[in-house]
Amino acid sequence: MVLRALGAWARPGARVMAEILGLSEAVSGQDLVVTASGELYDVPADGVVGVVGHHAASQALPVAMVCGRCVTTRGELAGAGISNAYSLQEPHAAESWDAVGSDALQDRLTDMGARLARTWSR
0 MVLRALGAWA
10 RPGARVMAEI
20 LGLSEAVSGQ
30 DLVVTASGEL
40 YDVPADGVVG
50 VVGHHAASQA
60 LPVAMVCGRC
70 VTTRGELAGA
80 GISNAYSLQE
90 PHAAESWDAV
100 GSDALQDRLT
110 DMGARLARTW
120 SR
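Everything in the sequence shown is counted per numbering that gives the first Met the number 0, starting at 0 for the first residue and increasing by one.
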């Protein structure tokens with residue numbers, strides 16, 4: 000509050016970082032944008048997923064979301080510009096995606112990369 004009284008202003012961190020990193024320029028001309036999140040329960044407009052989806056959607060680019068666990072609806076994902084979500088954990092798995100150890104997690108990520116390549120290649 001004191002900083003605002005002195006003329007400072009607050010902006011969402013993900014949007015500021017997108018500008019600093021040049022996200023719009025980075026996705027320009029790409030065929031697919033891939034973003035990731037550990038666990039996804041919702042898609043706040045000013046969160047990383049929402050910001051990436053917005054920048055990609057502004058250029059009519061599809062976005063593939065890779066996450067450890069995703070319990071967000073397809074409608075909410077689509078509203079945020081996310082074309083599809085790919086989860087490392089099955090919906091009703093007893094073991095959490097991040098409790099499997101680094102070797103198993105690396106194997107899952109490698110398999111996910113191969114799946115994305117098969118799904119999105121021309």
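To be clear, the hints were calculated from the coordinates, so they are not data collected in a lab.
Bear in mind that the values here come from a model prediction, so they are computed numbers and not experimental data.
Where a beta carbon is used, it is the ideal one built from N, C-alpha and C, also for glycine.
Please note: incorrect hints may appear among the correct ones.
Okay, the calculated beta carbon distance ranges per label pair [what the hints assert, rightly or not]: (1) Ser57 with Arg3: 21 to 31 Å; (2) Ala113 with Glu75: 26 to 36 Å; (3) Val99 with Thr72: 21 to 31 Å; (4) Leu2 with His91: 29 to 39 Å.
Each hint, compared with the structure:
no. : hint                          : result
1   : Ser57 with Arg3: 21 to 31 Å   : 29 Å, holds
2   : Ala113 with Glu75: 26 to 36 Å : 27 Å, holds
3   : Val99 with Thr72: 21 to 31 Å  : 26 Å, holds
4   : Leu2 with His91: 29 to 39 Å   : 47 Å, violated
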